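Student: Protein chains in written order, with the numbering used here: chain A, 1 to 115; chain B, 1 to 766; chain C, 1 to 141.
Quick caveat, the hints were computed from the structure, so don't treat them as lab data.
Do not take every clue at face value.
Anything over 12 Å on all C-beta distances counts as not near chain A; from chain B, calculated [said to hold, decoys possible]: (1) A35; (2) G358; (3) L402; (4) A689; (5) T740.
Okay, derived cross-link-like pairs now, SDA-like style, lysine to any residue, Cα gap no bigger than 25 Å in a straight line [stated by the list, open to error]: (6) C/K110 <-> B/A721; (7) C/K110 <-> A/Y99; (8) C/K110 <-> A/G48; (9) B/K153 <-> B/V547.
Only a predicted model underlies this, so the values are computations on that prediction, with no experimental measurement involved.
Here a beta-carbon is modelled for each residue, glycine too, at the ideal position from N, C-alpha and C.
Residues per chain, in single letters:
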Amino acid sequence: MEIAMAFVIGGLYAAAIYMMLRRSIVKLVIGLVLLSNAANLLIFTAAGLTRGAPPLVNVGDVLPPGPSADPLAQALILTAIVIGFGVLAFAVVLIHRAYEVVGADDMDKMKDTDT
Amino acid sequence: MLYAILSTFVLAAFSPWVHRLAGRYSGWVLALLPAALFVYFASFLPAINAGETVVIVTPWMPGLDIQLSFLVDGLSLLFALLISGIGFFIISYAGRYLEGDRDLGRFYVVMLSFMGSMLGLVLADNLIAMFVFWELTSVTSYLLIGYRNEDPKARKAALQGLIVTVGGGLALLAGIVMLAIAGGSYELSEILNSGDAVREHALYLPMLILILLGAFTKSAQVPFHFWLPNAMAAPTPVSAYLHSATMVKAGIYLLARLNPSLGGTEVWFTVLALFGAVTMFLGVFLSFRSTGIKSVLAYSTIMALGTLTMLIGIGTETALLAAMTFLLAHSLYKGALFLIAGILDHEAGVKDFLQTGGLRGALPITSALAMLSALSLAGVVPMLGFVAKEAMLESVLEAPGLVPVLTLLAMASAILGVAVAAIVGIRPWFGPRVETPKRPHEAPPALIAGPMVMAGLGLVFGLGPGLADGGILAAAARAVNGGVPVETYLSLWHGLNWPLAISALALVTGLLLYSRWDRARERLAWVDIAARFGPERGYDRLMDGIVRISEWQTRLLQSGYLRYYIMFIVLATAVMVGVTAQIFDVSAGPLRLQDLRFYELAILAVMGASALFAVLSQSRLGAVAALGAFGFTVALTYVMFSAADVGITQILVETLTVILLVLVLFRLPGFLGLSPRLIKLRDAAVAMAGGGMVMLLLLSTHNAREFPSIAWYFIEEAVPAGQGRNVVNVILVDFRALDTLGEIFVLALAAVGVYAMIRFRAEDRK
Amino acid sequence: MNMHSLILRTAGHFLLPLLLLFSLFLLFRGHNEPGGGFIAGLVAGAAFVLYLFSMDIAAARKVLWIDPRSLMGGGMTLAVLSGVPGIFRGQAFFTAQWWELAVPGLGKMKLSTVLLFDIGVYLVVIGAVLTIMLTLAEAED
Numbered sequence: 001m002e003i004a005m006a007f008v009i010g011g012l013y014a015a016a017i018y019m020m021l022r023r024s025i026v027k028l029v030i031g032l033v034l035l036s037n038a039a040n041l042l043i044f045t046a047a048g049l050t051r052g053a054p055p056l057v058n059v060g061d062v063l064p065p066g067p068s069a070d071p072l073a074q075a076l077i078l079t080a081i082v083i084g085f086g087v088l089a090f091a092v093v094l095i096h097r098a099y100e101v102v103g104a105d106d107m108d109k110m111k112d113t114d115t
Numbered sequence: 001m002l003y004a005i006l007s008t009f010v011l012a013a014f015s016p017w018v019h020r021l022a023g024r025y026s027g028w029v030l031a032l033l034p035a036a037l038f039v040y041f042a043s044f045l046p047a048i049n050a051g052e053t054v055v056i057v058t059p060w061m062p063g064l065d066i067q068l069s070f071l072v073d074g075l076s077l078l079f080a081l082l083i084s085g086i087g088f089f090i091i092s093y094a095g096r097y098l099e100g101d102r103d104l105g106r107f108y109v110v111m112l113s114f115m116g117s118m119l120g121l122v123l124a125d126n127l128i129a130m131f132v133f134w135e136l137t138s139v140t141s142y143l144l145i146g147y148r149n150e151d152p153k154a155r156k157a158a159l160q161g162l163i164v165t166v167g168g169g170l171a172l173l174a175g176i177v178m179l180a181i182a183g184g185s186y187e188l189s190e191i192l193n194s195g196d197a198v199r200e201h202a203l204y205l206p207m208l209i210l211i212l213l214g215a216f217t218k219s220a221q222v223p224f225h226f227w228l229p230n231a232m233a234a235p236t237p238v239s240a241y242l243h244s245a246t247m248v249k250a251g252i253y254l255l256a257r258l259n260p261s262l263g264g265t266e267v268w269f270t271v272l273a274l275f276g277a278v279t280m281f282l283g284v285f286l287s288f289r290s291t292g293i294k295s296v297l298a299y300s301t302i303m304a305l306g307t308l309t310m311l312i313g314i315g316t317e318t319a320l321l322a323a324m325t326f327l328l329a330h331s332l333y334k335g336a337l338f339l340i341a342g343i344l345d346h347e348a349g350v351k352d353f354l355q356t357g358g359l360r361g362a363l364p365i366t367s368a369l370a371m372l373s374a375l376s377l378a379g380v381v382p383m384l385g386f387v388a389k390e391a392m393l394e395s396v397l398e399a400p401g402l403v404p405v406l407t408l409l410a411m412a413s414a415i416l417g418v419a420v421a422a423i424v425g426i427r428p429w430f431g432p433r434v435e436t437p438k439r440p441h442e443a444p445p446a447l448i449a450g451p452m453v454m455a456g457l458g459l460v461f462g463l464g465p466g467l468a469d470g471g472i473l474a475a476a477a478r479a480v481n482g483g484v485p486v487e488t489y490l491s492l493w494h495g496l497n498w499p500l501a502i503s504a505l506a507l508v509t510g511l512l513l514y515s516r517w518d519r520a521r522e523r524l525a526w527v528d529i530a531a532r533f534g535p536e537r538g539y540d541r542l543m544d545g546i547v548r549i550s551e552w553q554t555r556l557l558q559s560g561y562l563r564y565y566i567m568f569i570v571l572a573t574a575v576m577v578g579v580t581a582q583i584f585d586v587s588a589g590p591l592r593l594q595d596l597r598f599y600e601l602a603i604l605a606v607m608g609a610s611a612l613f614a615v616l617s618q619s620r621l622g623a624v625a626a627l628g629a630f631g632f633t634v635a636l637t638y639v640m641f642s643a644a645d646v647g648i649t650q651i652l653v654e655t656l657t658v659i660l661l662v663l664v665l666f667r668l669p670g671f672l673g674l675s676p677r678l679i680k681l682r683d684a685a686v687a688m689a690g691g692g693m694v695m696l697l698l699l700s701t702h703n704a705r706e707f708p709s710i711a712w713y714f715i716e717e718a719v720p721a722g723q724g725r726n727v728v729n730v731i732l733v734d735f736r737a738l739d740t741l742g743e744i745f746v747l748a749l750a751a752v753g754v755y756a757m758i759r760f761r762a763e764d765r766k
Numbered sequence: 001m002n003m004h005s006l007i008l009r010t011a012g013h014f015l016l017p018l019l020l021l022f023s024l025f026l027l028f029r030g031h032n033e034p035g036g037g038f039i040a041g042l043v044a045g046a047a048f049v050l051y052l053f054s055m056d057i058a059a060a061r062k063v064l065w066i067d068p069r070s071l072m073g074g075g076m077t078l079a080v081l082s083g084v085p086g087i088f089r090g091q092a093f094f095t096a097q098w099w100e101l102a103v104p105g106l107g108k109m110k111l112s113t114v115l116l117f118d119i120g121v122y123l124v125v126i127g128a129v130l131t132i133m134l135t136l137a138e139a140e141d
């Protein structure tokens, strides 16, 4: 299954990079969303995929029944998702603000804003 | 000892307040510290003269076995006495000289810090500590040279001095690390005892070259001499200090200090003697053809530095004692002469010898002191300069090699030296009175005290060389000689010998040369043309080149187009990962397709399709809807593979993301078809490269598990240590709580950022 | 921003308290079952956003009664403070501390710095989500 995931994630990265290379700022935002999801999936898959064995311990037990999925990667991704939302909001508002100042949707016209 | 050095920095920090409180007497008040330090250092004299070496160790980070250690022997004590003694006069002088200057407070801060750094440099036993102080002197002298920071010339000179000396410092750092490896210790006191091990070490030659680079840049040896005359842009007291006892002498100190370890080899002798002799001659030659008061003095300093380097290179007992004597003599007369140059500027407003003449009547004491110092510079009986020069000529004649070359250069320098001394000692004072910009009058005590003491000492030590010789100079020479006492001694009268004959010849020829000074300078006008191809030109070229390269690479990398930045990052990462994969022979491993399940594949297919739709969609609404669908398939994937918490989070965030995009994106214009087809293909290729790299990376990690996962630790400890059955949550709030704290902080920061951006815009509109 | 939909408004009225209750449930059981501060915070944040869309900004602010930025600040403070008790016991910052608390009528309750930290996370997440959403919604008007 990891192999199928690898192909999908590679495709997602390609899609995200392609969108971020576009000049339209809205496409940049879409690229960002795709990229953050792709990155989360990358970490998730790299830790190994396990079916039907969440890292939960039953009441009274000390260990989960049998092998369990990697909880560390899950904790990592969980916070990454929430932060990703915050960063996305920040980026979107920043872009919107830049659009208002420059008055153009074209990334190329934002070239001289930092000088 | 530590407190002695620290006290200068502490006083430096408070000096602006002292300045404000003490007003016009601030120079005298602050000069009390160097005076006290001088007395403190002088208290070491009996012990050092008795042949002792004092090592003072202060634990600094005892846990890491790092300590601050100081080494007091003849050499470091000689320097410490010069630094604090001359420092006393410089600071009291500066208080008067720069009186009323708006930045005088800042001047004191830097000057005292500089003094502290110099003291640290000469007293440090630990090589790293010495290096730190070495660099501190570079930095503080940069601030001193650039004191008149509104003057572009001063800024340029300061930067030049900084770049040359810090560049050399970099080489020095590498050199001393090698020295520590070869000597088996970072403590000078231990390295100095393992000279043979250092000299026979395989790293000896590279180490020597690097250390010499550091010493030569600092001490303005050819071809790095050009920064020193430019450093005259500093106020005169600074020049006096830099030239007489400090900064440029740091390189000499280093050479003398390391002589027991590095010296005594063929390379050491050849390089030092040749570079020193050439520097000596070039310095005095350039000095002879200058007319600016400070510039004549600055070039003659280069001569002195060359002489010292040469003497240390020769390395015989006579030469080492000569070097120490010359060091003392030069510090005394050069300090005095620079301060007198300051008096001429301050009291008569002249900066050039051509503007001067006949000032003897107006400044009787100053002129007498100038003549006395000039006698020492010329090496005339009965000054200390004479003793030093005789010893120098004697060592050159007895040098272990290169005698003809060195003798010739030394003779030529002696002749020109006399001529330069005549320019300094005769030109401003005798002859017809020349009108000066200011009405000349005698200098106040604060200005005259320094030259008086220094010139006086030059005379006293000259009349009785035993006074200095029996004391600190012999101890210093012994330290440079590796602890072995030198058998020779100084005296005013050595009998009729070759050095005396050369001196006499030099005196006559030099005075003759001085009488034709004006014509000689015209004849030497070609030097200006030659100087265009000199090392300073090389420095300028180098600087221009660096600027041009950085401009070129900035244009290349900082294009201002986001997509080129992304492209660079993606391609660079892809190439680096690809090369690494090649090197380490990472392979993707066999494709096992039987592991697949139909419904999982279906979800993945929907995921890919919705992402593709988001990319291709021509409308914003379509793209956002596709993103929503995509997000939910991602959430399903998490749930399928045992990540319930992550799945729930993903669903919730996805909902909020869609709302966010709806709120903002529709206030932006719709998609535009901006890029031509070819560009799209190019971008697609870059995207494929990036995506392909990630895919291969993932495939290879699937096969290569080189380390056991640390996940099991968390799983096993969750209930016993974390008292929670949801391992993911236990990690988040207990095991890795500090990480989580950082993460919620980032989240809060992003929210505040959003709030600020929108609120401030609203306020702008109002 | 008001969508003027009767169904949505009614739903908003009823759903907000239910969802908030659910979020508290998720928060407190999070240490043992799926849930926790992040998820609970997102649920509560989403509940308020739903209310915001079904009513209007003024109503949402009123029902929230506290500025979301203060929620963030309070949450951060609580999270940092939860690391402090460990220091007093001579342990590292953020070492978890557990206390057994006997509540009359309810039996024993476990109280811990870990729970405090999770509540801090919960508050920060609600605060951040609502700060972003309310600011954007207000900019819309």
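Student: Each hint: holds or not?
Tutor: Hints and how they fare:
| no. | hint | result |
| --- | --- | --- |
| 1 | A35 | 54 Å, holds |
| 2 | G358 | 60 Å, holds |
| 3 | L402 | 59 Å, holds |
| 4 | A689 | 8 Å, violated |
| 5 | T740 | 6 Å, violated |
| 6 | C/K110 <-> B/A721 | 15 Å, holds |
| 7 | C/K110 <-> A/Y99 | 52 Å, violated |
| 8 | C/K110 <-> A/G48 | 35 Å, violated |
| 9 | B/K153 <-> B/V547 | 19 Å, holds |
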